[in-house]
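There are 2 protein chains.
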Amino acid sequence: MMSEAISLPDTLAQEVAFDDKGLIAAIAQQHDTGEVLMMAWMNRQSLAETIATGQVCYWSRSRQSLWRKGESSGQVQKLVELALDCDGDCLLLKVDQTGVACHTGRRNCFYRVLTDDHRLEDRLPVLKDPEDLYGK
Amino acid sequence: MMSEAISLPDTLAQEVAFDDKGLIAAIAQQHDTGEVLMMAWMNRQSLAETIATGQVCYWSRSRQSLWRKGESSGQVQKLVELALDCDGDCLLLKVDQTGVACHTGRRNCFYRVLTDDHRLEDRLPVLKDPEDLYGK
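Keeping their order, the protein sequence lines are chains P and E.
Following UniProt numbering, the numbering of the first sequence begins with 1 at its first residue and continues without gaps.
Following UniProt numbering, the numbering of the second sequence begins with 1 at its first residue and continues without gaps.
These are calculated hints, taken from the structure and not from any lab test.
What you are looking at is a predicted structure, and each value in this text was computed from that prediction instead of being measured.
Beta carbons are placed, not taken as given, at the ideal position from N, Cα and C, and that holds for glycine.
Hints may be right or wrong, so weigh each one.
According to the in silico footprint, chain P covers these stretches of chain E (three or more CB under 8 angstroms from chain P) [unchecked claim]:
id	segment
1	21-32
2	80-91
3	96-108
4	112-120
Here's a subset of chain E near chain P, in silico, CB distances under 7 angstroms, partners left out [to be verified]:
id	residue
5	Pro9
6	Thr11
7	Val36
8	Met39
Make a model of the complete structure from these sequences and hints.
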């Protein structure tokens, strides 16, 4: 468990535009293939921890707590590169994803694709049983 | 100008979890290279218009109006594929971007990369003069 006292690098503290809930959107992209894995949220503390440790840590809006990605499931994200967008309200995390990013056991979260006749079609296989990822 | 009466396909109306402001995050990714171009927001109307026209339309939070990407600048995004994430609160738009996605004249918005010594380094060239994009 990391200390709560990790501070954000000054450059990011100045340039990140946290929203009215203190959060910034973070897109995770597999660094070598370009696959967009997921989008989640970070607060100041989770961003600072991610940079300090090199392991991606989000802020869980549903649990209102730090979400060290893969802590329960083992499906960790190693940070390769972090970029900030032009207006400072979105991060692009290039990561190395172990296993699957999605809690459904799929490689990424964007598996529901809109078809020409307006159905949502599952396009990705379930690679890991969610019960194995999170226990029963 | 599109009619305001375009409705969202039923499947998306049921599955998209708009937030408390009626918005959903949308990531635009160049369909053939995998480059993440930008992240912006859509409301129900802009999403419906995007699907109906095949040209990406966001919701501008700053202007509180529809933002037909490229309407002023010519830097349009043609929709190639639309995917919804597992919990319905983020869209991944695979697009074909004409010119540059970023209002700074860079190809994408994530040009500020965090260096090992915690500086933000501009990594992308300005390809178009913003004054040419938006007029003087």
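Hint by hint, here is what the structure shows:
1. 21-32: With 3 residues close enough to chain P, the hint holds.
2. 80-91: holds (count 8)
3. 96-108: holds (count 4)
4. 112-120: holds (count 6)
5. Pro9: Holds - the Cβ of E/Pro9 comes within 7 angstroms of chain P, reaching about 4 angstroms at its closest.
6. Thr11: Nearest chain P Cβ about 5 angstroms off; hint holds.
7. Val36: Since the shortest Cβ distance to chain P is 6 angstroms, the answer is holds.
8. Met39: This interface hint holds because 4 angstroms falls under the 7 angstroms limit.
In terms of the numbered hints stated before, the structure departs from none.
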